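Undergrad: Single-letter residue listing:
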Amino acid sequence: GAVVSQHPSWVICKSGTSVKIECRSLDFQATTMFWYRQFPKQSLMLMATSNEGSKATYEQGVEKDKFLINHASLTLSTLTVTSAHPEDSSFYICSARDPRGDYGYTFGSGTRLTVV
Amino acid sequence: AQSVSQHNHHVILSEAASLELGCNYSYGGTVNLFWYVQYPGQHLQLLLKYFSGDPLVKGIKGFEAEFIKSKFSFNLRKPSVQWSDTAEYFCAVNAGNAGNMLTFGGGTRLMVKP
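Residue numbers (my numbering), protein chains in the order written: chain R, 1 to 116; chain E, 1001 to 1114.
Treat the hints as calculated values from the structure; they're not laboratory data. The model shown is predicted, which means the values in this text are computed figures rather than measured ones. Just so you know, even glycine gets a beta-carbon here, dropped at the ideal spot from N, CA and C. Some clues are possibly wrong.
Unchecked claim - With a straight-line cut-off of 30 Å between C-alpha atoms, the simulated DSS-like cross-links for lysine-lysine are:
no., chain 1, residue 1, chain 2, residue 2
1, R, K20, R, K64
2, E, K1058, E, K1113
3, R, K20, E, K1113
4, E, K1071, E, K1049
5, E, K1061, R, K41
6, R, K66, R, K20
7, R, K66, E, K1069
8, R, K41, E, K1058
9, R, K41, R, K64
10, E, K1069, E, K1058
11, E, K1069, R, K20
12, R, K14, R, K41
13, R, K55, R, K20
14, E, K1069, E, K1113
15, E, K1061, E, K1113
What the hints assert, rightly or not - To give a feel for the contact side, a few chain R residues facing chain E, derived at Cβ under 8 Å:
no., residue
16, F39
17, S43
18, L46
19, T49
20, T80
To be verified - Stretch by stretch, here's where chain R covers chain E in the computed footprint (C-beta under 8 Å, at least three residues):
no., segment
21, 1011-1021
22, 1080-1086
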């Protein structure tokens, strides 16, 4: 089945630094990937839609300059949290839709970011 | 824009009890519907999905869901829960006018007492 790999699983960084999170589709090509944020005990909130070869589409209220998304190939999308602050601490999850078969969505295992 | 509502935020059941989790969505057109489960410390996993056809969908681990178009609902059911079903459950909708985007409900945290 479709597999999405997300790395790193967790990261601790100092306030003011930048962190890059990778999302890879391992056995399929994903022209579109999705980045979600999940606060403790809350649902997933879509942050942006990552489009291969073009600019990402951000949801309302998401700062484009803080959350940089790059989708340079059909199997890799990256989310960079720039100048991170403690309020950016959260669980970030990527997802991709496998275009083969039944078009199911597959989720990465998530990245827990803690900014200290 | 479409929205998804899960009315039960927390559910506590004893083992062998029956489960029904509500999910309602707001979009009136064609929809694809999903239920995902997130076990403690793990990532989201697909339980079942509905695209078309039989509105009663059977998924993994004994779960099923029924799509009732007139009620804009896609409730999740299981006849007899187990302790291992303790997890958070998310309903999600892909509306016909939203491309590939999924909209999630707020989630239901299920605790099954042994």
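Undergrad: Run every hint past the structure and note whether it holds.
TA: Comparing the hints with the structure gives:
Note on K20(R) and K64(R): the hinted pairing holds, with a Cα-Cα distance of about 15 Å set against a maximum of 30 Å. Distance restraint check for K1058(E) and K1113(E): the Cα-Cα separation of roughly 24 Å lies within the 30 Å cut-off, and the hinted pair is therefore satisfied. Under the criterion of a C-alpha separation no larger than 30 Å, the hint pairing K20(R) with K1113(E) is inconsistent with the structure, at around 40 Å. Simply put, K1071(E) and K1049(E) have alpha-carbon atoms about 18 Å apart, close enough for the 30 Å limit, and the pair holds.
Only pairs whose Cα atoms come within 30 Å are accepted, and K1061(E) paired with K41(R) is accepted, the gap being roughly 24 Å. The hinted pair formed by K66(R) and K20(R) meets the criterion: a straight-line CA distance of about 12 Å does not exceed 30 Å. Note on K66(R) and K1069(E): the hinted pairing is violated, with a Cα-Cα distance of about 40 Å set against a maximum of 30 Å. Of the pairs offered as hints, the one joining K41(R) and K1058(E) holds, with about 27 Å between alpha carbons and a cut-off of 30 Å not exceeded.
Proposed proximity of K41(R) and K64(R) is supported: the alpha carbons are some 25 Å apart, at most 30 Å. This hinted pair checks out: K1069(E) and K1058(E) have alpha carbons roughly 17 Å apart, not beyond 30 Å. Distance hint between K1069(E) and K20(R) is unfulfilled; the C-alpha atoms sit about 42 Å from each other, more than 30 Å. Of the pairs offered as hints, the one joining K14(R) and K41(R) holds, with about 24 Å between alpha carbons and a cut-off of 30 Å not exceeded.
Annotation: proposed proximity of K55(R) to K20(R) holds, straight-line Cα distance about 17 Å (limit 30 Å). In summary, the hint linking K1069(E) to K1113(E) is not supported, as the alpha carbons are separated by about 33 Å, beyond the 30 Å threshold. Distance check on the hinted pair: K1061(E) and K1113(E) sit about 18 Å apart at the alpha-carbon level, within 30 Å; holds. For F39(R), the shortest C-beta to C-beta distance to chain E is roughly 11 Å, which exceeds 8 Å, and the interface hint is violated.
Checking S43(R) against chain E by beta carbon gives a least distance of about 5 Å; that is within 8 Å, so the hint holds. Taking 8 Å as the C-beta contact cut-off toward chain E, the hint placing L46(R) at the interface holds, the least distance being around 7 Å. Restraint check, T49(R) versus chain E: the minimum CB separation of about 6 Å is within 8 Å; hint holds. Restraint check, T80(R) versus chain E: the minimum CB separation of about 21 Å is more than 8 Å; hint violated.
For the segment 1011-1021 of chain E, the stated coverage by chain R is not satisfied: 0 residues place a CB nearer than 8 Å to a CB of that chain, which falls below the threshold of 3. Only when three residues or more bring their CB closer than 8 Å to a CB of chain R does the claim for the segment 1080-1086 of chain E stand; here the count is 0, and the claim is violated.
Checked against the numbered hints given earlier, the structure breaks hints 3, 7, 11, 14, 16, 20, 21 and 22 and satisfies all the rest.
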